[in-house]
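Peer 1: Work the whole structure out from these sequences, hints included.
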Amino acid sequence: MNKLYLAGVAIVAAMLGFTYVAMDIKGGLNGDIVNMLAIAGAVVLVIATVFVVTKYVRQMQSDTATGDLAEENWDSIGEYKNPLPMGWAIIFLGLIVWAAWYFLAGYPVNAYSQIGEYNEDSAKVNAKFEEKYKNLSTEELHSMGESVFLVNCAPCHGLAADGMDGKAANLTKRLEAKSVVYVINHGSMNNIAVHTDDNGSKTTSAMPDRNGLFNSATNALITDAEIEKVATYVANGMKGDGADVFASTCSSCHGADGKGMDMVAPNIADFTPAFVSDILSHGKKGAIGTMPAFTNLNATQVKAVSTYITDISKGE
Amino acid sequence: MFHWLEKHPFFFAVGVFLVIAFAGLVEILPNFAQASQPVVGTKPYTLLEMAGREVYIKNSCNACHSQLIRPFKAETDRYGHYSLSGEYAYDRPFLWGSKRIGPDLHRVGDYRTTDWHENHMKDPAGVVPGSIMPAYAWMFTNLADINTAYADQLTNAEFFNVPYNKPVPMKDGTTLTVPMAKSVAEANAMALEEAKAITADMKDKDVQDMVAAGKIPEIVALIAYLNSLK
Chain S
1 MNKLYLAGVA IVAAMLGFTY VAMDIKGGLN GDIVNMLAIA GAVVLVIATV
51 FVVTKYVRQM QSDTATGDLA EENWDSIGEY KNPLPMGWAI IFLGLIVWAA
101 WYFLAGYPVN AYSQIGEYNE DSAKVNAKFE EKYKNLSTEE LHSMGESVFL
151 VNCAPCHGLA ADGMDGKAAN LTKRLEAKSV VYVINHGSMN NIAVHTDDNG
201 SKTTSAMPDR NGLFNSATNA LITDAEIEKV ATYVANGMKG DGADVFASTC
251 SSCHGADGKG MDMVAPNIAD FTPAFVSDIL SHGKKGAIGT MPAFTNLNAT
301 QVKAVSTYIT DISKGE
Chain A
317 MFHWLEKHPF FFAVGVFLVI AFAGLVEILP NFAQASQPVV GTKPYTLLEM
367 AGREVYIKNS CNACHSQLIR PFKAETDRYG HYSLSGEYAY DRPFLWGSKR
417 IGPDLHRVGD YRTTDWHENH MKDPAGVVPG SIMPAYAWMF TNLADINTAY
467 ADQLTNAEFF NVPYNKPVPM KDGTTLTVPM AKSVAEANAM ALEEAKAITA
517 DMKDKDVQDM VAAGKIPEIV ALIAYLNSLK
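Chains as they are written, first to last, in the numbering used here: chain S, 1 to 316; chain A, 317 to 546.
FYI, nobody ran anything at the bench for these hints, they're computed from the structure.
The reader is advised that the hints may include incorrect statements.
Unchecked claim - Here are the simulated PhoX-like pairs of lysine-lysine, each with C-alpha atoms no more than 20 Å apart in a straight line:
{"no.": "1", "chain 1": "S", "residue 1": "259", "chain 2": "S", "residue 2": "314"}
{"no.": "2", "chain 1": "A", "residue 1": "389", "chain 2": "S", "residue 2": "124"}
{"no.": "3", "chain 1": "A", "residue 1": "512", "chain 2": "S", "residue 2": "128"}
{"no.": "4", "chain 1": "S", "residue 1": "284", "chain 2": "A", "residue 2": "389"}
{"no.": "5", "chain 1": "A", "residue 1": "546", "chain 2": "S", "residue 2": "284"}
{"no.": "6", "chain 1": "S", "residue 1": "285", "chain 2": "A", "residue 2": "519"}
{"no.": "7", "chain 1": "S", "residue 1": "285", "chain 2": "A", "residue 2": "512"}
Peer 2: Encoded structure:
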């Protein structure tokens, strides 16, 4: 028995013994399959390593060089004419093929990018959204609108859409008196569509301020007292005192019932989905403050939240 | 030459370092320089916005709020387009933040307004039920430091070549010139003008009175800054 083999066996025994003791201190294998696999792997590694090392050290001790020497000789150092080992040759040729692939196709520029992944992900989610919510019933639109509202609108308009004590517009009714007064005093911006044709192109119209609002009953411009009266009337849902002022001043554009007229003026008696989606795409500035445009919502979400606001303004 | 290098390992190592460092410069720097160019639509901060940015830093808003929208669908749905490196070109220091105890603020100017911020900074839970953000009442009385903001602007313009008084391209194809004052007195007058535009949309009577009297509370500067985040 060679001393080398003895040393090998001793090292294997020492390492396995140490592992066994260490394992015992740590609480054993506990029947855990992962622990067992790890330990089995370690044992195999230790034995294989010691075996291979012993074999090659032994070979170095006993082997003598053989084969034909090449003609060339460098300072008395010669070289055998042995063929290239098969494994090396295969790896060498394989690397040439791999290099061509890496150069032409595999270079990371053509592989992964964060934005690429984002774009693919977005396209997938959008397609899924379109597919899933292609044909929505009114109830489904209402409930989708509610969740869109809670995320995007509730921070200002409140969870109950009541405007949180005047911090934003109260959406449970069409108009508040102060908003009516503000619009009469300042006129209204002109990006509310009063007509949408079949191609979807919109016609807009502007409302003049109080200097352009003529009361046909009194043959004079609208007065402060009349503004108060008609504002209360509109805010009450077109009921009560002030119907006469509305009829002689406002109805020529907004209609006798306040429901608006095609090509002329929007509905001020009720919210309509078209009106709400206009506000969403343009934002607005009114009696309370500024509302930004919400262009991040997709068409279905706009439709949903428009339906939802129209519904809750009617108390549904 | 190579023979000489082989005999002098120290200089050989220096040579290797130089070659690799050069390759690094050539490969990394151009991309980096390109990505950090301001994107179209990014403009330098006006004086009041700069003062608001300092209020933001002073109160450690960036400890709870990030300013970095990652390219994930869920995130862009909520906060808007993902952030680009060029958008931080005029941020010194950047305020990316590393924690989101509150929401991201990188595009808060797109979906919140002056009066909302006013209500919210006074009583966050009153606007957002369940919010754990504390109220920042002192911002309504403490005065913004316009002089330091002006010094910041000067530094940015002089040392970092931030284009004040020069046209910068905007998204709609037009250009916009952000003016910078020539003197401290002019700077204070400019900030006051900006503050008046902000307070026109605010409800707090005390704040309006202060601005009318020529004093600018921190909240006005902060709102100007938050509105500029788009």
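Peer 1: Between residue 259 of chain S and residue 314 of chain S, does the CA-CA distance stay at or below 20 Å?
Peer 2: Answer holds: residue 259 of chain S to residue 314 of chain S is near 14 Å, not above 20 Å.
Peer 1: Going straight from one Cα to the other, do residue 546 of chain A and residue 284 of chain S come out at no more than 20 Å?
Peer 2: 18 Å, holds
Peer 1: Tell me if the straight-line CA distance from residue 285 of chain S to residue 512 of chain A falls inside 20 Å.
Peer 2: 18 Å, holds
Peer 1: Is the hinted pair residue 512 of chain A and residue 128 of chain S satisfied, with a Cα-Cα distance of at most 20 Å?
Peer 2: 48 Å, violated
Peer 1: Given the proposed pairing of residue 284 of chain S with residue 389 of chain A, does the C-alpha separation stay at or below 20 Å?
Peer 2: The given pair, whose Cα atoms are some 28 Å apart, is violated under the 20 Å limit.
Peer 1: Given the hint that residue 285 of chain S pairs with residue 519 of chain A, does the C-alpha gap stay at or below 20 Å?
Peer 2: 15 Å, holds
Peer 1: What's the verdict on residue 389 of chain A and residue 124 of chain S, does the C-alpha distance respect the 20 Å limit or exceed it?
Peer 2: Judged against 20 Å, a Cα distance of about 10 Å means the pair holds.
Violation of the numbered hints given earlier is confined to hints 3, 4; the remaining hints are satisfied by the structure.
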